[in-house]
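Following the hints, position chain B against chain A.
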Amino acid sequence: MVAAMAGVMAGAMEVVAAASKMDAGVFVAASAIVIAGALGVILARNPVHSALMLVMTLFGIAVLFVAQEAHFLAAVQVIVYAGAIVVLFLFVIMLLGVDRTEALEAEPLKGQRTTAIALGIIALAEIVILGGTANWATGNLAVAGQAGGPGSNVEKLARSIFTRYLLPFEITSALLVIAVVGAVVLARRVPREEADQ
Amino acid sequence: MSVSGELYLAVAAALFTIGAVGLLIRRNVLVMFMCVELMLNAVNLTFVTFARMLDDIGGQSLVFFVLVVAAAEVVVGLGIIVSIFRRRTVATADDLHILKG
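Sequence lines, in order, name chains A and B. Per this note's numbering, the first sequence runs over residues 1 to 197. Per this note's numbering, the second sequence runs over residues 1 to 101.
Isolated chain A (complex conformation):
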């Protein structure tokens, strides 16, 4: 009896260990994809390649969302970012015909690149050091509702958005309408006589 229980316990431990090993593997792989994609965005000479690298980064972020049990956001990330925003980028690149390569070596402002990279390294060190040393949280858990625990992620997110964050949610609809109207106005071709006046 005891031996059987010990066997079950050992089996459970193995399952947990395997799961955590898999979690670590997923995290490492997705992080590598995210960082490699981000570097690709800023290092690719051709804007189309940059856009494709951006898709890679966005998918990696979606995987990291799934790994942290934000399932709805992962789906929305893929649909909105990879499906809509990057397509919009590619559409504009093709429409404008700016998909010619850019000489990365050309540096109009002397020393700009070195300064930018140095500032980036300093900023990263600051973020990491401050994040490691500062007491960043009040320690209050689940102020707006629990993220973990039983129940689906979609249901909890919906409960949060449609109760506590209802007013911001309504305002986003106005924001989207304004954005659509603004895009139409900006993209409208002004008739020549009207533009001259």
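These are calculated hints, taken from the structure and not from any lab test. Watch out, some of these pointers could steer you wrong.
From the structure, some residues in chain B lie toward chain A, with a derived Cβ separation under 7 Å [said to hold, decoys possible]:
#1 20
#2 21
#3 25
#4 60
What you are looking at is a predicted structure, and each value in this text was computed from that prediction instead of being measured. By construction, the Cβ of each residue, glycine as well, lies at the ideal position given by its N, Cα and C atoms.
Chain B only, in chain A's frame:
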């Protein structure tokens, strides 16, 4: 749930820094815009990580709103870029000095 949140935060910090550096070193307006998206995504990852660490769904709700704002921003920004490129066929931010006083 074995990977601790600090590692996710480190990845988000690296992603944000890469986006910021890209915004500074690139001259193509569209690529600069993509770098802004990288920074937004880094912040989203931070929000989701804190949502998990503090067991608070509010972080995920905020990511939802950031997504909406990012979509609106891209639509308007690309509209502006299209209307600029209609008048002049330059691809770099250095050539856009019409507003210079």
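Legend entry - Broken hints, by number: Per hint list: zero violations.
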